[in-house]
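J.: Chain residues, written in single-letter form:
2 protein chains.
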Amino acid sequence: MLQSQLFAKMRKEAPKDEESKNARLLIRAGFIEKLSAGVYSYLPLGWRVIGRITAIIREEMNAIGAEELMMPALVAREYWQKSGRWETDVMYKVGEEKNFGLGWTHEEVMTAIATRFISSYQDLPRAAYQIQTKFRNEPRARSGLLRGREFLMKDLYSFHADQEDLFGYYDRVIEAYWKIIRRMGLEKFTKLTEASGGEFTKEYTHEFQVFSEAGEDAVIHCGSCDFAQNKEIAAGLESKPCPKCGGKLEESSAIEVANVFKLGTRYSEPFGLSYATAQGAKKPVVMGSYGIGPSRLMGTLAEVMSDERGLVWPESVAPFRVHLLALGKASANGLYSDLTERGIEVLHDDRDISPGQKLVEADLLGIPYRAVVSEKTAGKVELKRRAAGEVELVASEALAKILQGSS
Amino acid sequence: MLQSQLFAKMRKEAPKDEESKNARLLIRAGFIEKLSAGVYSYLPLGWRVIGRITAIIREEMNAIGAEELMMPALVAREYWQKSGRWETDVMYKVGEEKNFGLGWTHEEVMTAIATRFISSYQDLPRAAYQIQTKFRNEPRARSGLLRGREFLMKDLYSFHADQEDLFGYYDRVIEAYWKIIRRMGLEKFTKLTEASGGEFTKEYTHEFQVFSEAGEDAVIHCGSCDFAQNKEIAAGLESKPCPKCGGKLEESSAIEVANVFKLGTRYSEPFGLSYATAQGAKKPVVMGSYGIGPSRLMGTLAEVMSDERGLVWPESVAPFRVHLLALGKASANGLYSDLTERGIEVLHDDRDISPGQKLVEADLLGIPYRAVVSEKTAGKVELKRRAAGEVELVASEALAKILQGSS
Numbered sequence: 002m003l004q005s006q007l008f009a010k011m012r013k014e015a016p017k018d019e020e021s022k023n024a025r026l027l028i029r030a031g032f033i034e035k036l037s038a039g040v041y042s043y044l045p046l047g048w049r050v051i052g053r054i055t056a057i058i059r060e061e062m063n064a065i066g067a068e069e070l071m072m073p074a075l076v077a078r079e080y081w082q083k084s085g086r087w088e089t090d091v092m093y094k095v096g097e098e099k100n101f102g103l104g105w106t107h108e109e110v111m112t113a114i115a116t117r118f119i120s121s122y123q124d125l126p127r128a129a130y131q132i133q134t135k136f137r138n139e140p141r142a143r144s145g146l147l148r149g150r151e152f153l154m155k156d157l158y159s160f161h162a163d164q165e166d167l168f169g170y171y172d173r174v175i176e177a178y179w180k181i182i183r184r185m186g187l188e189k190f191t192k193l194t195e196a197s198g199g200e201f202t203k204e205y206t207h208e209f210q211v212f213s214e215a216g217e218d219a220v221i222h223c224g225s226c227d228f229a230q231n232k233e234i235a236a237g238l239e240s241k242p243c244p245k246c247g248g249k250l251e252e253s254s255a256i257e258v259a260n261v262f263k264l265g266t267r268y269s270e271p272f273g274l275s276y277a278t279a280q281g282a283k284k285p286v287v288m289g290s291y292g293i294g295p296s297r298l299m300g301t302l303a304e305v306m307s308d309e310r311g312l313v314w315p316e317s318v319a320p321f322r323v324h325l326l327a328l329g330k331a332s333a334n335g336l337y338s339d340l341t342e343r344g345i346e347v348l349h350d351d352r353d354i355s356p357g358q359k360l361v362e363a364d365l366l367g368i369p370y371r372a373v374v375s376e377k378t379a380g381k382v383e384l385k386r387r388a389a390g391e392v393e394l395v396a397s398e399a400l401a402k403i404l405q406g407s408s
Numbered sequence: 002m003l004q005s006q007l008f009a010k011m012r013k014e015a016p017k018d019e020e021s022k023n024a025r026l027l028i029r030a031g032f033i034e035k036l037s038a039g040v041y042s043y044l045p046l047g048w049r050v051i052g053r054i055t056a057i058i059r060e061e062m063n064a065i066g067a068e069e070l071m072m073p074a075l076v077a078r079e080y081w082q083k084s085g086r087w088e089t090d091v092m093y094k095v096g097e098e099k100n101f102g103l104g105w106t107h108e109e110v111m112t113a114i115a116t117r118f119i120s121s122y123q124d125l126p127r128a129a130y131q132i133q134t135k136f137r138n139e140p141r142a143r144s145g146l147l148r149g150r151e152f153l154m155k156d157l158y159s160f161h162a163d164q165e166d167l168f169g170y171y172d173r174v175i176e177a178y179w180k181i182i183r184r185m186g187l188e189k190f191t192k193l194t195e196a197s198g199g200e201f202t203k204e205y206t207h208e209f210q211v212f213s214e215a216g217e218d219a220v221i222h223c224g225s226c227d228f229a230q231n232k233e234i235a236a237g238l239e240s241k242p243c244p245k246c247g248g249k250l251e252e253s254s255a256i257e258v259a260n261v262f263k264l265g266t267r268y269s270e271p272f273g274l275s276y277a278t279a280q281g282a283k284k285p286v287v288m289g290s291y292g293i294g295p296s297r298l299m300g301t302l303a304e305v306m307s308d309e310r311g312l313v314w315p316e317s318v319a320p321f322r323v324h325l326l327a328l329g330k331a332s333a334n335g336l337y338s339d340l341t342e343r344g345i346e347v348l349h350d351d352r353d354i355s356p357g358q359k360l361v362e363a364d365l366l367g368i369p370y371r372a373v374v375s376e377k378t379a380g381k382v383e384l385k386r387r388a389a390g391e392v393e394l395v396a397s398e399a400l401a402k403i404l405q406g407s408s
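Protein sequences, first through last, are from chains A and B. Under the numbering used here, the first residue of the first sequence is numbered 2, with each subsequent residue one higher. Under the numbering used here, the first residue of the second sequence is numbered 2, with each subsequent residue one higher.
Check each hint, because a few of them may be wrong.
Which copy? The list can't say, so a pair holds if one copy fits it or any two copies do.
Within a straight-line C-alpha distance of at most 25 Å, the following computed DSS-like cross-link-like pairs (lysine-lysine) qualify [claimed, not checked]:
| id | residue 1 | residue 2 |
| --- | --- | --- |
| 1 | Lys245 | Lys385 |
| 2 | Lys94 | Lys35 |
| 3 | Lys385 | Lys17 |
| 4 | Lys245 | Lys377 |
| 5 | Lys283 | Lys10 |
| 6 | Lys283 | Lys13 |
| 7 | Lys83 | Lys17 |
| 8 | Lys83 | Lys35 |
| 9 | Lys284 | Lys99 |
What the hints contain is simulated information worked out from the structure, not anything from laboratory work.
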C-alpha cells in the first residue's frame with residue numbers, strides 16, 4: 002500500500018486528554034482514534050492488526066472443534082431476568098422502555114439457543130464461539146484499549162454431559178489460549194493465574210495475566226515455578242513461601258487478556274437446558290465459558306512491545322511485513338511492485354517529506370522490517386528489524402527471499 | 002464438515018411467531034435463530050453465508066480504492082447534536098443519562114475522523130468503509146432479515162475536492178454495487194432506482210431495488226428500458242408512458258438492498274471538514290455515502306432464490322459447495338476425505354437417519370450440489386444441482402473435477 006494514500010496519518014503529538022500509553026501510541030501512529038472516553042475507532046492500520054489477531058484466534062478455536070456464530074448485542078430483558086443478571090451496573094440498558102441490555106457477555110443467549118439444538122447425550126459435547134463487539138458501562142475508562150466501554154471479545158461456550166468432559170475441554174481451551182498468546186509473542190510476559198469464581202462458580206477460575214505496569218490487576222506469583230494467583234484470592238500470601246515449590250513470591254501488575262470459567266449448571270438450570278442420557282434419564286447440561294479480548298490484546302501489545310521510539314509489532318499481527326522507505330531522490334517504485342507481486346505486504350512511504358521524518362515515523366509505526374533505499378545504499382537495500390535493531394545491506398534481488406524466509 | 006457435529010439442526014416446522022418467508026426458511030434450515038422481534042443470531046451455517054457475502058463486498062470495495070476501518074456503535078450525543086440528528090425516533094439511546102445514541106449510520110463519526118486527516122487538496126480524494134452491526138428502533142419488525150432492529154451494514158464514505166470528483170466516484174460505487182449484485186446472482190431481479198434525497202440531499206439518490214413480493218418499497222419501472230423510480234417520487238406516473246422511452250410502466254414491490262447518496266457538504270460544514278486548495282483557498286470537503294446490507298442481502302436471497310422445497314443458494318455465497326449424502330448402509334467417508342483434502346467445502350450428512358429425511362433436509366438447506374451415495378448408485382455418485390434439478394450419475398473419481406471446474 003502507498004503511504005501517501007493511507008486514510009490516517011501519524012500525529013506529531015499524542016492527544017492531551019489521553020493518559021494511557023497504549024492509546025497515546027496507537028493514536029499518534031494512526032492505528033486508532035478516540036471518539037469519547039473508552040470508545041475508539043479502529044483506523045485502517047489498526048483494523049489490519051485486529052484482523053490478524055482475530056485470524057489467529059479463529060484458527061485456534063476451529064482447531065478445538067468450536068463453530069463460529071454471531072449473537073446479537075440487543076439482548077431482551079427477559080433473558081437477563083431468567084439468569085438474575087438484569088440488575089447490574091456494568092450493563093447499558095437501551096430503549097425508551099429499557100427492553101434491552103447491551104450484551105457484555107452472552108451466557109444467557111447462548112444457553113437459550115442451545116436449548117433448541119441439544120436434547121440428547123448424542124448432541125454433546127458442543128462448542129460455539131463468536132468474535133463480537135461488547136459493551137460495558139465503565140465508570141472510569143482511562144486505560145485506552147485495556148478497558149473500553151465498547152470492545153471486541155471472542156467468547157466461546159462449551160456444553161458437556163458431565164463435569165469430567167467439561168474439565169477435559171477446559172484444559173484444551175487453556176492450551177489453545179497458550180497457543181494464541183505464543184503466536185503473538187506474549188508468552189514470556191504471561192502467567193496462567195488462579196482467580197476467584199466471581200459470580201459464576203465457587204471453584205477457582207483461570208486468567209491469562211500479562212505482566213505490565215499498565216495492568217489493573219495484581220498477581221502474586223512465584224519466581225521459581227508457575228504458581229500464580231490473582232491478589233484477590235492470595236491475600237496474606239505475599240510474605241510467605243510459594244505454596245507449590247517453596248520459592249519466593251512476588252507481586253506484579255498485570256493485564257487480564259483472557260479468562261476461562263467452569264460454569265457448571267449456573268445457566269443450564271434456569272434456561273432448562275437438559276439432555277436425555279443413553280439410559281433415558283434427564284440431566285442438566287454442564288457448561289464452560291472462555292473469553293479472550295482482541296482489542297485488549299492489541300492494547301497489551303502496545304504496552305509491552307514498544308520502546309521510546311514507538312510500537313514494535315510482532316510479525317504475526319503486524320499491519321504490514323515490511324516498511325519500504327525511499328529517501329531523498331531515490332525511487333523504490335520497482336522494488337515495491339516486485340515485493341507486492343510476490344505477495345509480500347508492503348507499506349511504501351512514497352511521500353514527499355524529509356528522510357528524517359520518514360525514519361522517525363517508521364519507528365513509531367513499528368512494522369517488523371524496515372527497508373531503506375537511498376543514494377547512500379547505492380542500488381542495494383538497507384534492511385533493519387524493528388525489534389532487534391541490526392542493520393544489513395542486501396541486494397535488491399535478495400530482499401524478497403529474506404522477507405519470505407523469515408518468520 | 003460432518004453434519005452430525007453441526008451445532009444447529011434443522012427444524013420440522015417454522016416458528017409460529019414468524020411471518021416472513023425469509024426468516025421462516027432460514028430458521029427452519031438452521032441458519033438463524035430469533036432472539037426477539039427484529040433481533041436474530043446467525044448460527045454457524047448462516048454466519049458462513051454472511052462471511053461469503055461480506056468477502057465479496059470487501060473485494061469490490063478494495064477494488065475501488067476504499068480502505069476498511071471500524072467505527073464504534075456507541076456514538077456520543079455531541080456528534081449527533083452537531084449534525085442535528087439527535088432527535089430521531091429510529092435511534093436507540095443508551096445509558097442512564099442518555100449520553101450515547103447507538104449508531105444506525107455513521108456520517109457524523111466518519112466526518113469527525115476525517116477532520117483529523119484531511120486538510121489539503123493533496124489529501125483528496127479518500128474513501129473508507131466498514132462492515133458493522135447497526136441498530137434501528139423499528140416499531141414493527143416483522144420482515145425477518147429484511148428489516149431488523151440489529152443488522153449488518155457495509156457503509157462507505159467518500160471525500161472529494163469538488164462535485165465533479167464526487168460524481169465520478171458515485172458512478173464507480175454504482176458499478177461496484179452492480180458487481181456485488183451480479184456475483185450474488187441477483188442482477189436479473191434488480192433495478193437501479195431513482196429515489197428522493199430524504200434528509201440528505203435535494204437531488205435524486207439511487208437505490209438498488211430487488212423485485213420481490215416481500216419488499217416494502219414500491220417501484221415504478223419500465224418494461225422496455227432501465228427507467229425505474231421509487232413510487233415516493235413517481236406519484237401519478239403509473240398511468241403514463243415511460244418518460245425515457247415511451248414504453249409501458251408497471252409497479253412492483255421491491256427490497257432496497259443498497260443505496261447511494263451525494264451528501265455534498267451536509268456533514269462537512271457542521272463538522273468543519275475543509276481543505277486548502279492548491280491556491281491556498283479554504284473549501285468544504287464534498288462527501289458521498291453508500292450503503293449495502295449483508296444481512297438484508299441474505300434475507301433477500303432467501304426470498305427470491307428459494308422454492309417450495311427450501312433454499313437455493315447461489316454458488317458464490319453458499320455455506321458449502323457440495324452436500325454429500327450417504328443413504329442407507331452406503332458409506333461416503335472416503336469420498337468426504339478426498340474432497341475435503343482437495344479444498345472442496347463439503348457438508349457430509351453422516352447422521353443415522355432415514356434416506357427420505359436426508360433428501361428432504363438437503364433440499365431445505367439449499368447447497369448448490371447434492372452428491373448421493375447409496376446401494377443404488379453402485380460405487381458411483383448421483384450428482385444433482387439444487388437450482389437446475391437435473392441428475393447425473395458420475396464416477397467417484399470424476400466428482401472432484403466436476404465440482405472444481407464448475408462455477
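J.: Honestly, which of those hints from before does the structure not fit?
T.: 1, 3, 4, 9
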